[in-house]
Amino acid sequence: MSDLDKAIAQLRACRPIPEAQVREVCHKARELLIEEGNVVTVTAPVTICGDIHGQFHDLMELFRVGGDPPDTNYLFMGDFVDRGFYSLESFLLLLCLKVRYPDRMTLIRGNHESRQITTVYGFYDECLRKYGSANVWRYCCDIFDYLALGAIVLGAANSFPQPTDSTRSEEYYDPDIEIEVCDADGNVMSRFRRDNGTSGDSEQKSPNGTAAKTGPPGSGASGSSGGTVGNPTGAVLCVHGGLSPLIDTVDKIRLLDRKQEVPHEGAMCDLLWSDPDDIDGWGLSPRGAGFLFGADIVKVFNHRNDLSLIARAHQLVMEGFKEMFDASIVTVWSAPNYCYRCGNVAAVLELSEDAGGEGIFARSNGEVGRSDGGPGARGVLMDAENGALVKGGPARRYRVFQAAPQDSRGMPAKKPVADYFL
Amino acid sequence: MAAQPVPHPSTDRKRVKVYELRNNDWFDRGTGFCTAAFNSEEGQRNPRVIVESEDQPDRVLLETRICKDDGFHKQQETLIVWTEPSNGIDMALSFQEAEGCAMIWKFIHGVQQQYNAANPQDDSLSDDLPMDMPNPITLPQASIANLAEIESQMRMMSGSANGRDALTKYVLAEDFIGRLIPIVSDAEDLESLNDLHRLCNIMKIIILLNDTSIIEHAVSDECVIGVVGALEYDPDFPSHKANHRQWLEGEGRYKEVVRIEDDQILKKIHQTYRLQYLKDVVLARILDDNTFSVLNSLIFFNQVDIVQHLQANGKFLGELFNIFKPGQQDASRKKEAVLFIQQCCAIAKNLQPPARQTLYNNFIAHGLLEVINFGLKHNDVAVRVGATDVLVSMIDHDPQMIRQTIYRQIHEKRAPLTDTLIDMLLVETDLGVKSQISDALKVLLDQGPPAQAEAFAKANGEYAARAAPRLPPSQDPQQDQFLTLFYENSAAKLFQPLTALEGRTSMEFTVHEASSFTYLIEILCFFIRQHHHRSKYFVLANNIISRIAQLLHCPEKFLKLIAVRFLRQLVGLQDEFYVKHMSEKMVIGPILDVLIETMPRDNLLSSACLEFFEFIRKESIKDLVKHIVENYREKVQELAYLDLFRTLIIRYDQTGGFTANMDYFLEVEEDVGRRRTNINPRTGGPMEHLTTMDQAEEEYWNTSDDEDDLQAKSSGRTSALNGASPSSKLLVDYASDEEVDDNIDAGAISADEDGQEDGVRKSDDGLPNVGTPPERLSEKRRREEDEEDDLSKMIQHKRRNSTSATSNASSTSSLLRKKKGMVGGRDSGGGPKKISISLSSNLKSGDGQSGNQADDEA
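Protein sequences appear in the order of chains A and B.
For the first sequence, the positions run 1 to 422 when the UniProt record's numbering is used.
For the second sequence, the positions run 1 to 858 when the UniProt record's numbering is used.
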């Protein structure tokens, strides 16, 4: 068993690893992360996760529900630390897994991966308590600077793979299923068919019979969520917060020098701080950083960049996930019972691999102006513009889960200060 | 009401401090004398509490009306707290003497009792002191048999405000906690888990009643063990038992370096520790906002008392600092004393500045600086950490205090503190100490706001209005002399690892060397921004730029990155001197090499390099464009598959290399003109920044004589005085050199247009958060907003010094500029050009603010 595997085992038991080992892991992680672009390319299948916020036991529950790494590929969209009582163990475990399985773990930066924020919201104090000095916090913060700002998921399937084994005995197979919501044990709670423009299948879309266009659970019951208006071959952009008025193409993200503390303004800040909102265009964010952006912004951005979906985290959603703007953007939240008291459920988003390979499309790499999305994508867009068949986005399976059963963990608490003079 | 007998008004003046809760910190509004009296006005007799300022007797620090039966609460011996009904702000009066507090309280309490009596709903409550009150409620006798009944009754009562009130009074009057405690051990003896769970629930309800007297009682010596004992059996974790008692009873947690004679203070120290333990461990999961802030206030006021007591206690301080006197041998005691002082200073950070000042003054008078000196050179890393911590907290408090010492040292021809710090920085292995020392050096050598802002204001008259308040006061001659000395003697030593790179061929570095470079280059960047002519001369004389450019040949990518970022900062200054210097030293070629080498790959290094050239292109730094294309045409050609580099070549070719000393001002205008056309509707649709070159080039040439644009621009300039400055990004960036490090890339991507500054919104955002709205668990929906982060709020917190954290002073201006950047961003950011700061977003921001309170706690 290598040192790294030992560290992983120790962290899985929720015990911090020694400072020297943290330094070593961070050193290795730096070498890996420096090789990653600002926007990492990830191929499906992948399980996309939102905020963790130091809820270590719930992270374990997430791995139970979503499959253990490295068997499942994971993409975490930031905010690993703060608020929960085990930021240190959670982040270090994810980082160790990243170092151990670089191709199967993707970590991108959230607004909490910052020196300033962590000094206020708990991670700094936690490190100080657990190690007696802030050095581990400094190591971690240095690594934060190297984390990618976003990820692009390519090759996601448009339909769920036909079940091959009978263990997950689906009673029928329907290639038109677009969204599937499962509970923590993998039982299907609900399915939603693609809205392919033909009328008459509304009974499936409105299980409660209230409206013909009731959105799936998690969509805030918005009456307008009628499947994705996008292109089926498009990629999925993952980013912690959202869009920026300074970023109109994904390639522009690649032109940022990300190795720095999250600034108070500018493109990098916006990517980590913005929120979608029911407004037109851009609005000021009540958070004091980033912006609010409306459906029009998302749709234009997705169209221009040949995206079928933007996945982001950053906002608590009680149902664990929430699709907005005709499923052009989704918020995924992976910290159940947030802050140990919000009573929300959490979710992860599974994108499966496209067997036919039709989901893959060419992308430019790092330079601007060449990203025309490839001939395939252009063709589809033209179709869409001509009012022809508009297929939905990638097939999405949301696994919803609750906080780890209380018995499975000790009582969550901060580590007390050991000695005191005053 | 007037018919009721009134208590005799307490007209004696009592010395008191007025506190106001801001962002969960108690803010000192000042010291004054408190009176409480009826004030006849408009035929009504209004009971009022008034505090008149001590310094300016005609200034009223506080005037509040007693208008509710339960508005005011007395805490401890000397505190009265309440929530101001008019604005919901939590206030506190901290009396110098318990007697004064009692007087005022007697009056307030008397008035409140009358309201009580006047209120028919509450007439079950007596109009006498609470202790003598007949119990409005009764709970079953505290015994194991009754626990279920007690729990359900208490749970019910704690659901309503009146119930909670009555329950609170009952618990206090009957010493209910004291009665429960024996039952805990009984239930443990019987191993009755059910009863223990019930006891735990009951104890939780009692504590979450959120009454300071109850909580103080719960952490008292008599009760605390019993209370946390009950809380060890949490029914949420039926298979677990916490070990709070073991922890709190543990010997040796409390370290007494010097005997504290005062029993009250000693009690407070223990009580504070327990309160912290309660907050962090026992109740961590279940705390609601109110209880959280009550605990925090209790801790805060205790700490204030403790520190105030210690710093005023000459005998104690004498003993404490005697530990370090020569002749004292006990090494471990010295270590503990350093750690003790460290903790003192950590607590002092929460004190109000004047109190902190006295503390430091007293410490210094007793020899704190010698202690720091001792600690910095200690071979135990914990002591070094402690000493740097103390030093940094003093510097944070008032750098001038430490600078004065340094001036004195210089005057006495002794080695200044900075030299000690430099020596340490070069050999220190502990990362934490290293980064704190480098921060300390920066602050000590800071000479106030950058003079460039001033120079800039001169060059651009219209900007003077805004820049003026930031102009530095006349340069401190001592600081000037200090800096001169620093550059004569110390700078060379500090940057020796960089200058030593000369002639070095192997670019393999040890971990220690590599981390030194990180710090040194960061310090250097700071100096370059701060000490203009001095640092320029230093950089020139030591050929620093070439040295750092050597790092571009390192095999280690992160070191290359450091070099790229350093050069990028220089370019960001847009200082002619550095542009020239960089050209002469031919350092841009190596960056091109790094890029070419990395380029097919998309990684951090290539992004940083691309950003470097993108900045040059976007800001149109013509001398550099010329330099790059003239000297490295082949390399640029090699990269010409990127629009960015194609544009550079074309730009050069079109100007025929002619960039000769054109008036800088003109250049700016030209640039601005070009930018304006970028968003000109006639070009159709949203402009991508990286347009096809013909377009860009066409605009480039068309617009310098485009009168409309120039006019538009100049009108924009005049309106800059009203806070709207739709002129160029350049202007804004330039004025804010002080924080190049975090803002350079802000606009580097595509925001060419600075829009109007939204002054109104800015003030909205800047509102401090006031009050702590009560929040119940059931309001889950609201949480959605509450739990979100708020940067503006965070910024108000004192930031910890950290390696690359941005400078404190800049946060406000950066926010300001953010608002400016925003409109511009909207214009150029693709998508429909709707400008929509919708009303809803305004409302939201209000929401967000009221909800932000949760942030601190969560």
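One thing to keep in mind: the hints can contain errors.
[Said to hold, decoys possible] Simulated crosslink set (BS3-like; lysine-lysine; CA at most 25 Å straight-line):
#1 A:K6 / A:K28
#2 B:K580 / A:K130
#3 B:K413 / B:K349
#4 B:K241 / B:K325
#5 B:K325 / B:K315
#6 B:K349 / B:K334
#7 A:K130 / B:K106
#8 A:K130 / B:K241
#9 B:K377 / B:K536
#10 B:K585 / B:K493
#11 B:K626 / B:K580
#12 A:K28 / B:K557
#13 B:K204 / B:K255
#14 B:K255 / A:K130
#15 B:K169 / B:K241
[Stated by the list, open to error] Covered by chain A, per the in silico footprint, the following chain B stretches (three or more residues, Cβ under 8 Å):
#16 57-63
#17 154-166
#18 269-275
Calculated directly from the structure, the hints in this document are not laboratory data.
Cβ coordinates follow ideal geometry from the N, Cα and C atoms, glycine included.
Unsatisfied constraints (hint numbers, rising): 2, 3, 4, 7, 9, 13, 15, 16, 17
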